[in-house]
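Peer 1: Residues per chain, in single letters:
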Amino acid sequence: MAAAPPFTGTELTNPPSDGISSLRFSNHSDNLLVSSWDKVVRLYDASENVLRGEFKHGGAVLDCCFHDDNSGFSASADNTVRRLVFNQEREDILGCHDAPVRCIEYSYATGQVITGSWDKTLKCWDPRGASSQDRNLVGTYTQPERVYSMSLVGNRVVVATAGRHVNVYDLRNMSQPEQRRESSLKYQTRCVQCYPNGTGYALSSVEGRVAMEFFDLSESGQSKKYAFKCHRKSEAGKDIVYPVNTIAFHPVYGTFATGGCDGFVNVWDGNNKKRLYQYSKYPTSIAALSFSRDGRLLAVASSYTYEEGDKQHEPDAIFVRSVNEVEVKPKPKVYPNPAT
Amino acid sequence: MSTPTTDPLMQVETTCGSLLHELQIIWDEVGESDVERDKMLLELERECLEVYRRKVDLANRSRAQLRQAIAECEAELATICSSMGERPVHIRQSDQNSSSLKAELRAILPELEEMKKRKSERRNQFIEVLEQIQKIQMEIYTASYKTVLDETDLTLRKLEELHVQLQALEKEKSDRIKKVLDHMSSLSSLCSVLGIDFNQTVHEINPGLAETEGTKSISNDAIGRLAAAIERLHEVKIERMQRLQNLASSLLELWDLMDTPVEEQQIFQSVTSNIAASEQEITEPNLLSIEFINYVEAEVSRLESLKSSKMKELVFKKRSELEDICRKTHLLPEANGSMEIAMEAIETGAVDPANLLEQFEIQIGKVKEEAYSRKEILEKVDKWISACEEECWLEEYNNDDNRYNAGRGAHLTLKRAEKARALVNKLPGMVEALAVKTINWENERGTDFTYDGIRLLSMLEEYKILRQVKEEERKRQRDQKKLQGQLIAEQEAMFGSKPSPMKQQSGKKGSRMSYGGPSNRRLSLGGAMHAPKTDLHSIRATPNTRHSKKNERQLNNRDDGFSGLSAGRRGLDIAGLPANRKHSISEVEPPQPQPVFRTPFSPISSTESSKSNITLLEDLNRKHEILQKTFQNTNTTPFATPSKTLTSATDEENRTPKTNMIPVVPCTPSTVSVPMQTAMTPAAALMGMNQIKEMMIPEEIIEYSFEERRAGFVLPKAHLKMVVAV
Chain A
1 MAAAPPFTGT ELTNPPSDGI SSLRFSNHSD NLLVSSWDKV VRLYDASENV LRGEFKHGGA
61 VLDCCFHDDN SGFSASADNT VRRLVFNQER EDILGCHDAP VRCIEYSYAT GQVITGSWDK
121 TLKCWDPRGA SSQDRNLVGT YTQPERVYSM SLVGNRVVVA TAGRHVNVYD LRNMSQPEQR
181 RESSLKYQTR CVQCYPNGTG YALSSVEGRV AMEFFDLSES GQSKKYAFKC HRKSEAGKDI
241 VYPVNTIAFH PVYGTFATGG CDGFVNVWDG NNKKRLYQYS KYPTSIAALS FSRDGRLLAV
301 ASSYTYEEGD KQHEPDAIFV RSVNEVEVKP KPKVYPNPAT
Chain B
1 MSTPTTDPLM QVETTCGSLL HELQIIWDEV GESDVERDKM LLELERECLE VYRRKVDLAN
61 RSRAQLRQAI AECEAELATI CSSMGERPVH IRQSDQNSSS LKAELRAILP ELEEMKKRKS
121 ERRNQFIEVL EQIQKIQMEI YTASYKTVLD ETDLTLRKLE ELHVQLQALE KEKSDRIKKV
181 LDHMSSLSSL CSVLGIDFNQ TVHEINPGLA ETEGTKSISN DAIGRLAAAI ERLHEVKIER
241 MQRLQNLASS LLELWDLMDT PVEEQQIFQS VTSNIAASEQ EITEPNLLSI EFINYVEAEV
301 SRLESLKSSK MKELVFKKRS ELEDICRKTH LLPEANGSME IAMEAIETGA VDPANLLEQF
361 EIQIGKVKEE AYSRKEILEK VDKWISACEE ECWLEEYNND DNRYNAGRGA HLTLKRAEKA
421 RALVNKLPGM VEALAVKTIN WENERGTDFT YDGIRLLSML EEYKILRQVK EEERKRQRDQ
481 KKLQGQLIAE QEAMFGSKPS PMKQQSGKKG SRMSYGGPSN RRLSLGGAMH APKTDLHSIR
541 ATPNTRHSKK NERQLNNRDD GFSGLSAGRR GLDIAGLPAN RKHSISEVEP PQPQPVFRTP
601 FSPISSTESS KSNITLLEDL NRKHEILQKT FQNTNTTPFA TPSKTLTSAT DEENRTPKTN
661 MIPVVPCTPS TVSVPMQTAM TPAAALMGMN QIKEMMIPEE IIEYSFEERR AGFVLPKAHL
721 KMVVAV
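Those protein sequence lines, which keep their order, are chains A and B. Residues in the first sequence are numbered from 1 upward in steps of one, following the working numbering. Residues in the second sequence are numbered from 1 upward in steps of one, following the working numbering.
Next comes chain A alone, as it looks inside the complex (with noise of 0.2 Å):
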């Protein structure tokens, strides 16, 4: 990867031949998920750029998560939770939403699957009994709005919905959520991703801006938190706005990368309120990204997030890049900010 070109790093090939809805590294290895409105989801190898497996689904897939190296999950259009496993090429039906299903999540605390659902629900499944999907369904939760993103972090879930909604949940005790906030941003939520630390989560709005919210409702805790404009463009004075899809946090130094449908992917170091670095522009919109488990590989998926409709655009892409730690390390601050 030493080698890999400098501008947008290593295509891959046999790429999704329509929109990527998501894209993930797996905790364990270089392996590379992508779902995709193809309705198929992708198994990669990202450093030997070999295609591993194909799961075809019943609708477009919306989102997919790993398990372990063997299996993984996915949520689908067509309103179900799937379980895939790898090396069989098979995929159990874990369950369904009444309506598609927008995020999935696995978290190792519990060892539970936790979906997203457009029907305002977010559920919990149990993968272990894959027998019968009653049994799977561990619980389901009323969520204010369609839920459009969701993040994880230790016990901690955060579920980011229309309307601006943000819900903060203990995953011991999802009867009522922990934290109901609203986003401090005033346009529709594109994504949410929870610190690596743990202590808050950045929420990207449709608006080119971003907010660094921390989960310590304390009035110092509240004072940290923060937005900041990004992804936009200032031509001839007039700015143009671009929705940021995608945050991903880098497992190591915890600066985080941002995707916007401006094609650029930005890496930010949030503690010191710096951008560290630009990423030459991608042919279209940045739909999804995503640091391998030892933060030495940025997968970025290149593809039109359907932001101006129906439209003639570039082909969808996956590259791989390998990330110089200057592009990502935390830079040393002239005036060091009190410890976040």
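Everything labelled a hint here was simulated from the structure, so no lab data went into it. We put the CB at the ideal spot given by N, CA and C, even for glycine. A few of these clues could be false.
To be verified - Partial selection, computed: residues in chain B whose CB lies under 8 Å from chain A:
| # | residue |
| --- | --- |
| 1 | Ala-69 |
| 2 | Cys-73 |
| 3 | Ser-189 |
| 4 | Phe-706 |
| 5 | Glu-707 |
| 6 | Glu-708 |
| 7 | Arg-709 |
| 8 | Arg-710 |
To be verified - Selected chain A positions facing chain B (in silico; Cβ < 8 Å):
| # | residue |
| --- | --- |
| 9 | Ala-60 |
| 10 | Arg-102 |
| 11 | Val-138 |
| 12 | Gln-188 |
| 13 | Thr-305 |
| 14 | Glu-307 |
Claimed, not checked - Quick list of in silico lysine-lysine cross-link-like pairs, DSSO-like style, CA-CA up to 27 Å:
| # | chain 1 | residue 1 | chain 2 | residue 2 |
| --- | --- | --- | --- | --- |
| 15 | B | Lys-475 | A | Lys-238 |
| 16 | A | Lys-233 | A | Lys-329 |
| 17 | B | Lys-415 | A | Lys-311 |
| 18 | B | Lys-328 | B | Lys-415 |
| 19 | A | Lys-233 | B | Lys-426 |
Take the given structure of chain A and dock chain B to it, following the hints.
Peer 2: Chain B only, in chain A's frame:
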């Protein structure tokens, strides 16, 4: 005289002696004289001798007869053997073997019988072969000379010879039969082509030929006559063929001249297809029959007469063809007047119509050639003209205040408008390209490119001027609006969203505070809600480019006051688009300065709704949704005063199509909307918020994420209510 057998002879001796003794006794008694006695004894002796002589003669004769019979037999045997070409089986044995004659005869007789039998068999064979030969000869030569069986030569060689002869004859016979059959088949094909009855023809030639298989006459004469008949028919065929081909060529000529329809030509397909065929190639039955030739001849003469009567018509037709081509290619048919004159000339008989026809042909060829060269440009012209029509329609449509009424087919017109806008956007580029092409064409040919007699370039120029005039008109109105907007923009700029969360928050609050009042007032007054719109515009621009574009154009055209905004918006959109497109558009509509760009603008929700097929009615109600939002917000934000929340709502949830709202509301018959409107005033908002909220929620504007839009996901109504219940 020997007497080997003693007994009888002895008896005879004894009897004779005793008799003599008796006689002497008698004589002694009688006393016969010795002379007498001697005489008597002599006589006795003579008589005895005579008897002996007779018996010997008899025996001798029988022996001779026997010998002769044997000889005869042998002779016959020899004859037979020689005639059969065989070595005599019987070799005279009498020489070596001195058996008796009677034994010899007994031996030879069966042999003779055997030979006779064989001979008759051989003879039968000969006869059989000869008969066959004779029969064949009879068939071949009619009068056959009878070959007589030569009994003396029945050898196998001869038989072999005859067999050879027979085979030769048989071969000849089969050859002849074959020949006859060949002749017959060629005769039959000839007959069929010429439409003559085959059987009758054959019968005429030779009744024998007409007979059934196997007995056909194969005589020289018959074959000769057959060949002659074939020759004769052949000649007939060639003659008729030439005649038919002559007819065919004249047919073709006439068809070509009169544009005879293909169906009509089809009937004579067989004739014309053989126009250049050689004699052997014409095998279709009845093709050369007298009736058919007459039929074709009749057609030719019919066409001939038709031609003379239709000459004028033909000339007319050619002329209209010419005119048609000219019309299609928007050329002016040249020398139209001269044509009229020519027509008159025909009528008076001054000009040979055929000549005129030829002239027309030449002219048509020329025009066609030119049309081909014009084709590409004409296609572009057509596109341009249809685009202009769409533009006109769009303008009309935009001036129609009721266009968002949820009438039947409203979604169709919406779609059309959307397309038309895209098209209108491309118009200037289209015109440019067309002009360039036309200039190229003109340079190439050195003539003007005319369109229905008018020079295309001048048409384009005219269009451009017209467009400019329109543009200026719009600009003027825009400037007016701009002034109005600038004030608000300045305000907005001051309180615009800031990057820092703290500042932002305060800014938000501030903005709510600061122009919550005015905006509310405006709202209640039914004026355009500029401030929130502005905010929205600046922020929302890109995320919803497509939709906003759509709306923007609607707005633009409906209310010229917003056109500046639309231009700005367009410029904005363009920024994200490929450069060439931007270029083409910005040529026509230069990007507007910032303030204009920030002028009120709303429409995401309207497009969203149209996208998700929510009725326009709902669209109209959106105003109320703002309210609802407001109320919700009041619930959630502890520090919000009614007026503040209202503004914040408008601020935050600026997906509401405020621009649409006011002009549209009056024409919506929605029952819900009316109370809503009243509720919009701050006073209304103050009271009974919870109740209102409950009322509102079901009609709340539904926001959708990109994914939901893409998946075509629509939140069911029932769902909404359910949620409310929850």
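Peer 1: Now look at each hint and say whether the structure bears it out.
Peer 2: We went through each hint and held it up to the structure:
1. Ala-69: violated (122 Å)
2. Cys-73: The hint is violated - B/Cys-73 has no Cβ within 8 Å of chain A, the shortest such distance being about 116 Å.
3. Ser-189: violated (67 Å)
4. Phe-706: holds (4 Å)
5. Glu-707: Check passed: Cβ of B/Glu-707 comes within 6 Å of chain A, closer than 8 Å.
6. Glu-708: holds (6 Å)
7. Arg-709: Cβ of B/Arg-709 sits 7 Å from chain A, so the hint holds.
8. Arg-710: holds (4 Å)
9. Ala-60: holds (6 Å)
10. Arg-102: Where the cut-off is 8 Å and the nearest Cβ of chain B is about 7 Å from A/Arg-102, the hint holds.
11. Val-138: For A/Val-138, the interface hint is violated, since the closest Cβ of chain B sits about 20 Å away, which is over 8 Å.
12. Gln-188: holds (6 Å)
13. Thr-305: Hint holds; A/Thr-305 Cβ to chain B Cβ min 5 Å, cut 8 Å.
14. Glu-307: Nearest chain B Cβ about 5 Å off; hint holds.
15. B/Lys-475 to A/Lys-238: holds (20 Å)
16. A/Lys-233 to A/Lys-329: Status holds; Cα separation ~26 Å.
17. B/Lys-415 to A/Lys-311: holds (15 Å)
18. B/Lys-328 to B/Lys-415: violated (31 Å)
19. A/Lys-233 to B/Lys-426: Judged against 27 Å, a Cα distance of about 25 Å means the pair holds.
Hints 1, 2, 3, 11, 18 from the list above are not met by this structure, while the remaining hints are.
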